[in-house]
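Participant: The residues making up each chain are set out below.
Number of protein chains: 2
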Amino acid sequence: VVAKPRLDEFERIARFFAPLAGKGALELKDDAALIDGPAGTQYVLTTDTIVENVHFLADDPPDQIAQKLLRVNLSDLAAKGAKPLGYLLNTALPKSRGAAWLEKFARGLATDQKEFGIVLLGGDSVATAGPITLTVTAIGTVPKGKALLRSGTRAGDGLYVSGTLGDAALGLKILKGELKSRSPKLRRDLVARYRLPEPRLDLGRRLIGIATAAMDISDGLVADLAHLCDASGVGAIVDAEKLPLSPALRAALRADPSLIASVLGGGDDYELLFTAPPGAAKKLSRLPVTEIGRIEAGRDVTVLGRDGQPVKIGTRGYSHF
Amino acid sequence: VVAKPRLDEFERIARFFAPLAGKGALELKDDAALIDGPAGTQYVLTTDTIVENVHFLADDPPDQIAQKLLRVNLSDLAAKGAKPLGYLLNTALPKSRGAAWLEKFARGLATDQKEFGIVLLGGDSVATAGPITLTVTAIGTVPKGKALLRSGTRAGDGLYVSGTLGDAALGLKILKGELKSRSPKLRRDLVARYRLPEPRLDLGRRLIGIATAAMDISDGLVADLAHLCDASGVGAIVDAEKLPLSPALRAALRADPSLIASVLGGGDDYELLFTAPPGAAKKLSRLPVTEIGRIEAGRDVTVLGRDGQPVKIGTRGYSHF
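Same order as they appear, the protein sequences are chains A and B. So that you can map any letter, position 259 of the first sequence is 259 in the numbering used here, and since no number is skipped, the others follow by simple counting. So that you can map any letter, position 288 of the second sequence is 609 in the numbering used here, and since no number is skipped, the others follow by simple counting.
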């Protein structure tokens, strides 16, 4: 018996779903669809499913699960430069999750609806014998034809990220007991980055007209950069020395330098990764972003270490399959 | 220890989710949301999640699972009078469902995309340790302000359904081994009604400007009629003698009259239930619909039997919780 190779998510999409995609689907490469809205606008539609023990832990606080569910979707809207409008919510819950759980979950939704100016538009509630499975489909608006896409960058563009990288991946390690830290504040900060990503909505909207390509980092910097490069038909060089790191992450790295793998390949950052032509550098210097490398001809993604030599990358990002 | 009463789906929605609903959500009473589209149109958004062993059986053919998933959503669009445009698809699949399953599943999607003139717009694919969990969010268009709603009917309106009732419920009984039939054709017809509902899209669009309220029947006639009456603030009387029944269902009823419960309360019909003023009767006589009763003042739903006396109704429809 020869084991059948498993297809990863991107191979599945390319093989089975891309042939079904129509106008507005952006060939299923952008984690979002565009349909015409009222005069001069387009709607951005994006959807994400999260599953207990895959995307969140069974004992995560229900309000924070709700917030994370909304935020991972809002992060996709941010990556398109969209202004969020509302969302549909599908819940598949085991019977063990009763009114008390739901009340906390709904409180998390309410908190983030206020935070991000969105409303609930619809949804579906079903029971499941399996893990909690939650889907949000988020809707936002962009000026017509102006949505940021993953395609569009070219050799010579600068490569940028927002915020800092790797914190969420370390937060997850702490929750799983794989990383010890004696500092309660450090533990708290990193876990918060895992549980409550910050969708970069304001930044995304400011990047309209500046960025030549953009996406959010959910599967890890290197894996997602490879997706952006695929969509644009280019390669990229990342200078590891330039990667923006939080004080908490610098402290953790001092204790264990191998944690750099979590910066390059850990998921759940939900920062924006984008490109812009050299002429945009001055405008971008006023925004909370860091230039980490540049777009090159070819198709390779290379990370250069401190010595200017390519780093061997042991991760392809989070894969479901 | 006192057992906590479980909340049913509608109580959950009213208590936890309705307070979160915004403009366009139709108070979460319509299984659909409306947002403005290009000049003179609105988009109808609707979403349904189906779970293995709840909404379909583990060994149902994958292509038919895909078709049912699309059709239950298209049925919601039909109930709004919408023209379908496209859909987003979220799959949560156990690792045991590999390329062979997905290939058949995608073939079912392709078949119905062609059948109903829709395209795939986006989605998400994740792995789950639990049952197959599938979500479709469907998008259609209606002329602005013309969508059929569950509210809007009043006392004196006639009550109508499309097609025939109860077939799908009997099909499910056959698949579960709860109903025997010696006729292969009868078995095949009823099972097909369970596995492949027929969204009444053409009818829905023709009902714009005629129907005063509409919905599709997914949880059973009586339960769904109660929802329509709730949304409109009215009651209704159904004349059981007038219920449209297929030849297969009549044959089954002759053998077991108690199966009438499947006509009144069995789910999965996906026929349209709607109301119209008496003046519309002539127009409606040219459509594949049957008048089954009328809207009344009050809030009660009553079913009259052959003797003109109220039938005791032992079902409240399918409930997930």
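If you are wondering where the hints come from, they were derived from the structure by calculation, not from laboratory data. For each residue, glycine too, the CB sits at the ideal point set by N, CA and C. There may be inaccurate statements among the hints.
[Said to hold, decoys possible] Listed below are several chain A residues computed to face chain B (Cβ distance under 10 Å; list not exhaustive): (1) L20; (2) F116; (3) T128; (4) H227; (5) A281; (6) S285; (7) L287; (8) P288.
[Claimed, not checked] Only some residues are given here: those of chain B computed to face chain A with a beta carbon under 8 Å: (9) I334; (10) F338; (11) E348; (12) G443; (13) L507; (14) D510; (15) G530; (16) I531.
Participant: None of the hints should be skipped; say for each whether it holds.
Facilitator: Hint by hint, here is what the structure shows:
Because the beta carbon of L20 of chain A sits about 4 Å from the nearest beta carbon in chain B, less than 10 Å, this interface hint is met. Using the Cβ-Cβ criterion of 10 Å, the hint placing F116 of chain A at the interface with chain B is not satisfied: the shortest such distance is roughly 12 Å. At about 5 Å, the closest approach between the beta carbon of T128 of chain A and any beta carbon in chain B falls short of 10 Å, and the interface hint on this residue holds. Hint on H227 of chain A is violated. Least Cβ distance to chain B is approximately 14 Å, over the 10 Å limit.
Annotation: interface hint on A281 of chain A violated; nearest CB of chain B at approximately 33 Å, more than 10 Å. Hint status for S285 of chain A: violated, given a least beta-carbon distance of 34 Å to chain B, over 10 Å. Violation of the interface hint for L287 of chain A is found here, the shortest Cβ-Cβ separation to chain B being roughly 28 Å, above the 10 Å cut-off. At a threshold of 10 Å, the smallest CB-CB gap from P288 of chain A to chain B is about 28 Å, leaving the interface hint violated.
Satisfaction of the interface hint for I334 of chain B is found here, the shortest Cβ-Cβ separation to chain A being roughly 7 Å, below the 8 Å cut-off. Satisfaction of the interface hint for F338 of chain B is found here, the shortest Cβ-Cβ separation to chain A being roughly 6 Å, below the 8 Å cut-off. About 10 Å separates the beta-carbon of E348 of chain B from the nearest beta-carbon of chain A, more than 8 Å, and the hint is not met. Given the 8 Å rule on beta carbons, the hint for G443 of chain B holds: about 4 Å separates it from the nearest Cβ of chain A.
At a threshold of 8 Å, the smallest CB-CB gap from L507 of chain B to chain A is about 30 Å, leaving the interface hint violated. Against a cut-off of 8 Å between C-beta atoms, the interface hint on D510 of chain B is violated, since the closest Cβ of chain A lies about 28 Å away. With its C-beta approaching chain A no nearer than about 23 Å, G530 of chain B sits outside the 8 Å limit, and its interface hint is violated. At about 25 Å, the closest approach between the beta carbon of I531 of chain B and any beta carbon in chain A exceeds 8 Å, and the interface hint on this residue is violated.
Going down the numbered hints, you'll see the structure goes against 2, 4, 5, 6, 7, 8, 11, 13, 14, 15, 16, while the others check out.
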